[in-house]
Each structure stands twice: as C-alpha cells, then as structure tokens.
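Throw the hints in and build the complete structure from the sequences for me.
Chain by chain, the residues:
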Amino acid sequence: MAKLNLNREPMTKQDPKTRGKNFNEVALGYSAEQAKAEASRCIQCPKHSCTDGCPVEIDIPGFIKAVLDDNMPEAVRILKDKNSLPGICGRVCPQETQCEMTCNLAKKGGPIAIGRLERYVADWERVHPRITEQRKGQISFNGKRVAVVGSGPAGLTCAADLAKLGYRVTIFEALHVAGGVLMYGIPEFRLPKIIVQVEVGYVKSLGVEIKLDHVIGKIATVDELLEDGFDAVFLAPGAGAPMFLDIPGENLSGIYSANEFLTRTNLMKAYRFPEYDTPIQVGRRVAVFGAGNVAMDASRCALRLGAEEVYIIYRRSKAEMPARLEERENAEEEGVIFKLLTNPNKFLGDGRGRVKAVELHEMELGEPDASGRPRPIQKPGSEFIMEIDTAIPALGTRPNPIIPSTTKGLELTKWGTVLTDEATGRTSKDRVWCGGDMATGAATVISAMGAGRRAATDIDTWLRNSN
Amino acid sequence: MFRIISGQTLATKIHLFKIEAPAIARKALAGQFVVIRVDERGERIPLTIADWDGKEGSVTVVFMEVGATTFRLALLKAGDFIADFVGPLGIPSHIGKFGTVVCVAGGVGAAPIAPIARALKDKGNKIISILGARNKDLLFWEDKLRGVSHRLIVTTDDGTYGCKGVVTGPLKELLESGEKVDRVIAIGPSIMMKFCAQTTQPFGVKTIVSLNPIMVDGTGMCGCCRISVGGVTKFACVDGPDFDGHQVDWDLLFARQRIYLDEEKRSFEQWQAQMGKRS
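Same order as they appear, the protein sequences are chains X and F.
Going by this note's numbering, the letters in the first sequence line up with residues 2 to 468, in that order.
Going by this note's numbering, the letters in the second sequence line up with residues 40 to 318, in that order.
If you're looking for bench data, these hints aren't it; they were derived computationally from the structure.
Just so it is clear, the structure is predicted and the values come from calculations on it, not from any experiment.
Possibly wrong hints are sitting among the right ones.
[Stated by the list, open to error] Capping the alpha-carbon separation at 30 angstroms, the derived lysine-lysine pairs in DSSO-like fashion look like this:
1) X/Lys357 / F/Lys233
2) X/Lys409 / F/Lys136
3) F/Lys94 / X/Lys409
4) X/Lys415 / F/Lys273
5) F/Lys116 / F/Lys304
6) F/Lys304 / X/Lys22
7) X/Lys270 / F/Lys273
8) F/Lys273 / X/Lys347
9) X/Lys409 / F/Lys162
Given below as structure tokens:
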C-alpha cells in the first residue's frame with residue numbers, strides 16, 4: 002500500500018487585496034490536474050465514513066474514484082444521484098464538520114478536500130451539460146401533485162427528489178427569482194448566482210414548475226393549495242424575519258438588518274447602483290454585530306461596497322464564534338477587524354435621524370451557560386463610544402409570521418418555528434410537511450437540503466400508502 | 040411578467056394601470072398592497088391596491104411620478120409588461136360597523152381610500168369623505184369617491200377647486216360641528232396623515248393611517264419598513280400597513296422615508312441622461 006499523503010491540494014484564491022474590492026468569486030476552484038492529485042489521496046477505505054458524515058449520503062468514495070479514473074460523467078451521475086445542488090454544496094457546505102470530519106485521513110490531519118472535489122465535478126458538468134439532458138423524458142408521471150413552498154435549498158431538494166420519483170411538483174417562491182437564501186443571502190463572491198441558476202435549471206429540467214412572485218399565505222393559503230389538487234404540501238419558506246439587538250436607537254437610518262443589507266446587495270444588486278435601481282449606503286465605518294456566517298458575509302460585502310473600516314462586534318471570544326473557520330479567515334485576510342468581548346448598549350443619532358455612533362461596553366467570560374459556552378458578563382465601567390456610519394445587526398432570524406398566521410391547525414414551537422418531526426418532516430397538520438429554517442431555526446444550506454430529502458422520502462411513502 | 044391591460048392618466052403625473060393578475064384579484068381586500076418591479080434592473084416598490092376585479096382577473100394601481108422607477112413605469116402603456124407584481128400583501132383594513140366614518144384622502148391617497156370607503160359603506164357605515172389636493176390639476180376620482188360616500192368635501196391648497204385650504208380644515212370643522220364621528224381613516228402623504236391624526240387627537244376619535252415606508256421584499260423578511268407604534272417596533276409590510284395614527288412615531292417615519300434622497304436624485308438624473316441620449 003502506498004504511503005498516506007496528508008497534504009491537501011490547496012485551492013487558488015483571489016489575492017485578498019484585490020478581492021476585497023470586487024464581487025467576483027474568491028475561491029477559484031481546482032484545475033483537472035489539481036482535482037486528480039487530490040482524488041488520488043483518497044484511500045477508498047471500505048468504511049465510507051465520509052458518507053456517514055454527509056446529510057444527503059453522497060457516495061463520496063465513488064465519485065472521487067470516478068474523478069481519478071477520468072470518468073467525469075460517472076462522477077456527475079453519482080453526485081446527482083443524491084445531491085441535486087452539487088455546485089452550491091461544494092461551495093457553501095461546512096465540510097469540515099461533516100464529511101471531511103469523518104474522513105479517515107482527518108484523524109491524521111489531512112482529510113480529503115471533498116467539498117473542493119464536489120465543486121470541481123459540478124463545475125465540469127456546467128460546461129458539459131449533456132448528462133442532465135439525458136435525464137429528461139425518463140420520468141413518468143405517477144398522478145400525484147405536490148406543492149413546495151419556497152425555492153431555497155430545502156425546497157429545491159425536496160422538489161427534485163419528488164420529481165425524480167414521478168411526482169408533479171410546483172414550487173411557490175415569494176421573491177422574483179428562485180433560490181431563496183442562495184440568491185438573496187449568500188454573496189456573489191462566495192456563491193456566484195449563475196451557479197445557483199444553473200442548478201435551479203437542473204431542478205426545472207426534472208419537470209418541476211417554479212411559480213415566482215407567489216407569497217403563500219397571501220395569494221393562496223396552504224389549505225387552498227390542498228383543496229386545489231395538491232396531494233401534499235412541503236413548507237420550506239425559510240426563517241425569514243430578522244432579529245434586532247433590541248437596544249435604543251435601533252431604528253435610526255443607517256442601521257440595516259443583515260437580511261436587508263444582503264438582500265439589497267445580492268438579490269437587488271445594489272453594488273451595481275445606479276445601473277441597478279436599488280441603493281445601499283455604507284459610509285466609511287461599518288459595525289456588524291454577531292459572528293456567524295451571515296455576519297462574515299455582511300462584513301465582506303461592506304468592504305466591497307467601499308467601506309474603509311469594517312468591524313465585527315461580538316460579545317464572546319474567538320473560540321465561540323459560530324462562523325466557519327474558512328469564512329472567518331477570509332474576512333480577516335480581507336481586512337475585517339474583529340472586536341471581541343464587546344457588546345452594544347445603544348445607538349446614538351446625529352439629531353436628524355441618522356446613526357452617528359454606538360455605545361459599546363467590554364465583556365469578560367464567566368461560567369458556562371446553557372449553551373455550554375462561557376457566559377459573557379459586562380465589565381463595569383467599560384463603556385465607550387465608537388463613531389460609525391452604518392450598523393448591521395446579524396443576529397439570526399426568527400420565523401416569518403405569514404404562513405403560521407394563515408394556516409389552520411399548524412402547531413408551532415415556543416420559538417415560533419413549525420413543530421416538525423425531524424426524521425420525517427411531518428407537521429401537526431394532515432398532508433403538510435416542513436423543513437429547513439422554518440422547522441429548525443437558522444441553520445445551514447446542507448441541513449436544509451437534508452430536511453428536504455427526508456420529507457421527500459416520507460411524502461413518497463405516505464402518498465403511496467394512502468392510495 | 041404581468042401584462043398591463045389598460046392605462047390612464049388621472050391627473051398631472053398621476054397614472055392608473057390595470058394589471059392582469061387573476062390570482063391576486065381573487066384574493067385582494069381593501070387596504071392591501073402589491074410590490075412591483077418594473078424590469079430586471081428595477082427596485083421593488085410597494086403600491087396600494089386601488090381596485091380589483093376578480094371576474095376580469097385585474098388589479099388596479101395608481102401611482103405618481105416621483106422618481107426613476109415611477110417615471111419609467113409611466114412610460115409603459117396597455118399591452119406592455121412589468122417584470123413583477125406580488126400580492127396581495129399586508130393585513131387588509133379593518134372593515135367594521137363603526138357608525139360614521141370620515142375618509143380623508145390627500146393627493147394619490149384618493150386611490151387606496153376608495154375601496155376602503157366602498158367596503159365600509161357596504162357594511163352600513165355613514166361615509167363622509169374629504170378629498171384634498173394641492174390644486175385642481177392634481178385632483179382625481181372625485182366622482183368615484185362621491186359614489187362611495189354619503190357626503191364629499193373637496194379641498195385644494197390654492198383654492199382652484201372646492202374649498203380653499205388643506206384637508207384638516209374641514210376635518211376639524213366636522214369634529215367641532217357636533218357630528219358624531221366614530222372613526223377617521225386618513226391616507227395620503229405622511230405629513231398629511233400626521234396632521235390628520237393631530238387634528239383628531241383632542242376629540243379622541245380613533246384615526247387609522249396607511250403607512251408607506253420604504254420596502255424591499257414586502258413580506259417581513261428585511262425590516263426596512265420598520266416603524267414605531269406606541270413605542271413598539273413594527274414592520275409596516277406584515278404588521279400593517281394600517282396603524283393607529285395617534286400612536287405612530289411620525290418623525291421616525293419621516294427620517295426613514297428620507298434615507299435615499301441623494302441616491303434617488305442620482306438614479307433619476309442618470310435615467311434622464313439616458314432618455315436624452317435615446318431621443
């Protein structure tokens with residue numbers, strides 16, 4: 002047996018100085034040589050522990066072997082058998098806590114770069130699209146219709162899985178493009194919108210119909226969908242309502258929820274204002290509150306929109322930051338400044354309704370709290386003022402009220418999320434399933450996809466048994 | 040894409056479009072709004088629904104040319120398409136049996152108030168409407184409002200038509216005249232709604248206003264339209280757009296409506312320059 006190679010093939014990135022000023026993709030992907038070099042490191046262990054770490058159970062050693070064997074159509078087939086959105090997952094999945102963490106080589110410190118290989122295969126397919134075309138026409142309609150509410154990762158995955166099984170699926174999307182958070186939330190430089198649209202196109206090629214500009218709960222209720230000939234409804238509308246800091250001055254102009262800041266930038270393309278109509282203001286100095294992936298995205302967008310100084314303000318320390326290490330490093334390299342163990346008290350206005358400064362105070366870490374992380378405690382007398390032009394609370398989201406308030410018999414949790422059986426996606430309401438952030442609160446793209454997959458399986462079982 | 044069935048210019052720079060949107064027309068109720076996007080590069084703006092026809096499958100909106108988006112919209116005509124038309128959004132107006140309701144419309148506010156007045160009249164309320172505009176050329180739907188009101192008072196700021204003055208004049212006179220007013224609904228420019236609320240406050244008459252802050256998605260996702268009502272932050276798009284005028288923090292609303300004045304000017308100038316090049 003050959004000696005283990007623990008050196009991961011690095012992926013080229015745009016230079017931090019240049020990339021901080023453009024919205025082009027930061028990571029540039031593998032060349033064919035790099036991909037094969039990385040694929041050759043896989044020892045094809047019989048345990049497939051990587052697959053155990055994948056929420057959608059991709060045959061990872063299988064597709065890696067196909068890459069190594071130069072059989073790219075086979076690599077695509079294996080990937081798409083389980084994952085309808087590989088170009089997206091290859092870019093935004095937290096592989097380090099999933100497949101790459103359970104990879105046998107991880108114990109020795111050099112797991113296979115599964116995400117990068119997945120991306121390589123998806124990108125190869127994008128320029129060699131024959132395979133998806135062959136897929137059409139092979140599926141015969143089984144006579145059942147399913148409505149999917151929301152075209153984010155959960156909705157797209159559920160729709161694609163059901164379409165492959167012969168269901169006629171209609172996705173209802175509230176916004177003017179399909180993709181949900183993949184379009185409005187995750188920035189272009191991390192996930193180019195063309196990639197999302199190609200993968201949405203793949204889902205459509207399976208026969209899925211996508212109705213844009215349809216806010217379910219308004220244009221039609223869930224009950225009306227069920228009365229209107231849909232045999233089942235899968236709810237995947239996203240969490241969809243921003244949380245604020247709940248401190249004085251938060252409604253001053255210049256304070257954006259991360260959702261608004263990212264939606265203006267990514268969905269409405271405010272970075273190309275005035276070529277695109279939607280404006281955004283960043284000013285010179287920006288403070289982002291929170292330290293998750295969304296906070297990293299917002300801070301990096303702010304830099305690219307021309308801010309001179311961008312701060313991440315977080316009440317705990319670096320060790321507790323919820324963002325992926327890679328995103329944190331990218332932000333740091335680009336010049337985002339981390340102000341840790343710091344928390345805001347209030348925003349101060351300029352007398353004309355605009356934010357001018359934020360009053361902050363220092364924190365120290367105490368005993369572990371309910372989350373197991375050290376509880377941050379305010380340091381007495383540590384208040385100080387920081388002048389800012391823009392503030393972006395990136396504190397997560399809570400469930401949007403539109404569907405819960407218009408759907409009879411849909412039980413909610415105390416957090417306002419839809420009460421959902423995790424294994425099946427079933428809700429308290431007959432013929433209604435739910436998944437993604439609406440069921441779990443804000444989580445990751447791949448966990449939403451996993452929920453979409455599980456719901457599709459259960460919807461299929463249920464509908465076959467209900468005949 | 041949504042087809043414009045017909046268009047009409049109602050007054051100087053004020054236009055009406057009837058849009059083909061059968062699914063929205065089936066569900067629309069008085070007081071709700073739509074979010075529109077003119078084309079691929081357009082912004083999303085909210086417009087209150089002025090009328091709808093479930094049989095015809097049409098939704099009517101009325102808008103005034105104020106910036107790049109509405110100017111571009113005004114160039115379209117019957118048979119043209121707009122990219123997006125989303126609705127019906129927001130919580131419908133509360134249509135109860137109140138007794139006597141005074142409906143006060145300022146400028147373009149005549150359009151959204153008409154279906155509310157109609158619904159309230161159908162419910163058995165006595166409707167007194169006050170319709171105001173800066174001058175005669177900006178007045179529209181006088182007949183339509185008369186048709187849904189028991190009594191109509193028209194004002195113009197400059198006295199070119201109807202009573203000279205602003206809408207709060209006759210509103211105050213009504214309240215002082217001993218007429219038992221059970222509810223006031225005021226729709227129009229924010230400043231006009233604020234003064235209507237101020238006028239009715241001493242009389243303790245519940246006053247509902249329909250707020251129109253800047254929005255992006257219009258579905259509660261971004262929080263751009265947040266306002267403060269009774270000291271509590273609300274999102275106009277999902278919690279409104281109707282609110283108790285006596286509880287609204289008007290200064291906050293004004294400040295948030297002014298955020299993008301510079302950008303709106305820049306956008307408009309660029310649009311004008313482009314139009315100049317084309318002609």
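Hint-by-hint comparison with the structure:
{"no.": "1", "hint": "X/Lys357 / F/Lys233", "result": "holds (27 angstroms)"}
{"no.": "2", "hint": "X/Lys409 / F/Lys136", "result": "holds (27 angstroms)"}
{"no.": "3", "hint": "F/Lys94 / X/Lys409", "result": "holds (28 angstroms)"}
{"no.": "4", "hint": "X/Lys415 / F/Lys273", "result": "holds (21 angstroms)"}
{"no.": "5", "hint": "F/Lys116 / F/Lys304", "result": "holds (25 angstroms)"}
{"no.": "6", "hint": "F/Lys304 / X/Lys22", "result": "holds (25 angstroms)"}
{"no.": "7", "hint": "X/Lys270 / F/Lys273", "result": "holds (26 angstroms)"}
{"no.": "8", "hint": "F/Lys273 / X/Lys347", "result": "holds (19 angstroms)"}
{"no.": "9", "hint": "X/Lys409 / F/Lys162", "result": "holds (27 angstroms)"}
Of the hints listed earlier, there is not a single one the structure fails to meet.
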